[in-house]
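Chains as they are written, first to last, in the working numbering: chain A, -11 to 359; chain B, 80 to 466.
Hints are computed from structural coordinates only; laboratory data are not their basis.
Treat the hints with care, since some could be wrong.
Stated by the list, open to error - Keeping only pairs whose Cα atoms sit at most 25 angstroms apart, straight-line, the calculated BS3-like set for lysine-lysine is:
1) A:18 / B:374
2) B:189 / B:362
3) B:374 / B:277
4) A:183 / B:91
5) B:189 / B:377
6) B:189 / B:374
7) B:91 / A:186
8) B:462 / A:253
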Amino acid sequence: MAFDKNNYAPGTHPDLPPPPGTVGVVGWLKNNLFSSLSNSILTLLSMYLLYLLIEGGLSWFVVDAVVNANDKPGCRKIADGACWAVIVKRFDQFIYGFYPLAERWRIDVSFFLLFVAAAPLLYPDIKFRKYMLVFSCLYPFIAFILIKGGLFNLLMIETNLFGGAMLTVIIGVTSIACSLPLGILLALGRQSRLKLVKVISVCFIEFMRGVPLITLLFVASTMLNYFLPPGTNFNLLIRVIIMMTFFSAAYIAEVIRGGIQAIPKGQYEAADAIGLTYWQTTRFITLPQALKISIPGIVNTFIGLYKDTTLVVIIGLLDPLGIGRAALADTKWNGLSTETYLFVAVIFFISCFAMSRYSLWLEKKLSTDHN
Amino acid sequence: MLNLLKIWRNEKSREIIVQIIVLIIFGWFISWLVGNVSGNFERLGKDLSFEFLFIPAGYDINQYLISYNNRDSHLRAAIVGLLNTGLVAICGIVIATIFGLFLGVLRLSKNWLANRIAYWYVEFTRNVPILLHILLWHGIIINTLPHPKQAIDIFDVSYLTNRGFYIPKPIAESGIELFYLFTVIAIIFAVLFSRYSKKRQELTGKQFPVFWINLMVIIVFPCIALAFNNFPISFSIPELKGFNFRGGLHLSPELIALTFALAIYTAAFIAEIVRAGILAIHKGQREAAESIGLKPDKVMNLVILPQARRVIIPPLTSQYLNLTKNSSLAIAIGYMDLVATLGGISLNQTGREMETMVLVLLIYLCISLSISSLMNWYNYRVKLVDR
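Sequences are here, hints too, so could you generate the full structure?
Now the structure itself:
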């Protein structure tokens, strides 16, 4: 049978290939990068920018970078790029601070156990969740004993030896864990029918949100002793954690309040109609819905809190940034601020980015929308 | 017993009882704090007094917007610090808004490459603490820029060095008053004109190119005034004398690093706010506008933006507030803002932790509360009226 494209019975025409230039690499380029004149210009500009970045960045970061040297002049003798030797030489300090060398396994163990403890909270579908939750509840005590010592033949470690990424994680995780319940209480207080409770909550929240965190840390480091009975002298680290907790609790309270206000009125009316008490309504109706809505906001607040832990360097604690500044104060490494700060920035970027990805994942998982 | 149970089970009376209990606990807590404070003050032989504000501060501030020297009072030092905070905040807000809008538009762009660059910029910037941004930029300026002798030269009028940037400084001469007057007139005209054209549009549907006309007026009018008085303005150009530059306007590394870091950090957040605001407008709105034949820029200006503005402005304001509060990190690089003057050196010199910190907290609280009440007023005004 001769091939004649006009001679098909209806419905038997084979599928033709799409017109050239609309699919494949060419089509993709056409659609996404060169769809119009202005778009093409934008693409070229972006490519030029990328070229500049890669060209300059690569040689500084990698090609001309020095990893092995004993001081800055040593670096400069080898090549002109980044002197990563400062990071390599002090890597342990960036992670553990001045925690005694022989005891560092305790940090490693607690860090590993942190993930075990966090797993049932972060992944609701995990196996043996009930048993793991018991461990999660015990974890704070285990971690405290492991890190601080003083029990079970573990050497007692002074908190002023804490430092580096470990300090960030300690401050961050403790404040996060304490600020969520406090934030929920404050949010409920702000929505309460009891005028007095409401006024106290509003004042607390607005005060904490209205002042910069650094001033609160100054209060913790200079003024807090005035508010305590004479002779009380408690640890700077604990004072900092308390202030951070209060600070982020106020923000979390506002996020959760948004969630509470987004719940339709019918839910409360229904709860009242079946005779639930206030606390029952809160426990079974309000919070499950409000918390679900506010997850992105809560995680954002946590990311903010985690980033804000860097401020402790201003009142003299040695988080990774503090370790970096100490390294820069050393005459051997004087002037290598870009390398040091970029390294710390990357540490923070990785952890914060991971947290925000987790939040997106959880949001999707909990979503009950029908689209 | 039964009566007590009855009182407890009555909602009204129970609320009162609970509140009384809260009041007692709270009152006890406050009195405990006050008691501790007065006890501690007595023990240390201190008193609560703000007289220290009026004694000479005795320290220098390297950047001041109102005249200041070390014989001026602590109060004046604090005001200088507050003005420095304001300077950084305003410059930062302006740059962050422009840059953030630009990034937000890129994030919405259909151009894949530009979109990805903006995306990674936003992710990288906002996932790194602001303090690191500030220190990083400060470090880059003072460690990698050249000494004044080898300064990076921009058209022989501006110089970038590791001691800061030197730019030409405009100096007003006699006859400049007309320029100021015309500028004010141009701005008043622009405001009135945009109001009029909005009204006209609502009545007749006809539009003026408001933005371009206003821009022309604001540029051309003051220029006429300048030409009229034979350009009563001169520039002091920085010049290398010895080891440093003289003349011109000196922008310290601290000011630049702080402003720049705050601006690029906040811009990342603003970009996401702008993007979310525009995406929040229902697709149908755009499709409807296009189907009645509006051109793309009209769709944006008349349909999308007026609605997106309602979503964008509240979080935008809170970003501005955050920027202002974050400017307190100036203390890490030695920029003399409110926290560094009143809460830093004044505190250390007078030893009055309580008074200085209370003042600092109150000032920030006032700024925050006034901005947020403005925001509430705006929210109330633009609220969607449900019918």
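Checked hints:
Between residue 18 of chain A and residue 374 of chain B the alpha-carbon distance is near 23 angstroms, which keeps this suggested pair within the 25 angstroms criterion. Restraint check for residue 189 of chain B and residue 362 of chain B: satisfied, since their Cα atoms lie roughly 16 angstroms apart, inside the 25 angstroms limit. Between residue 374 of chain B and residue 277 of chain B the alpha-carbon distance is near 19 angstroms, which keeps this suggested pair within the 25 angstroms criterion. Note on residue 183 of chain A and residue 91 of chain B: the hinted pairing holds, with a Cα-Cα distance of about 12 angstroms set against a maximum of 25 angstroms.
Distance hint between residue 189 of chain B and residue 377 of chain B is fulfilled; the C-alpha atoms sit about 19 angstroms from each other, no more than 25 angstroms. In summary, the hint linking residue 189 of chain B to residue 374 of chain B is supported, as the alpha carbons are separated by about 18 angstroms, within the 25 angstroms threshold. Between residue 91 of chain B and residue 186 of chain A, the direct Cα distance comes to roughly 16 angstroms. Compliance with the 25 angstroms bound is thereby established for this hinted pair. A distance of roughly 20 angstroms separates the Cα atoms of residue 462 of chain B and residue 253 of chain A; the hinted pair therefore holds under the 25 angstroms criterion.
Violated hints are absent here; each numbered hint is respected by the structure.
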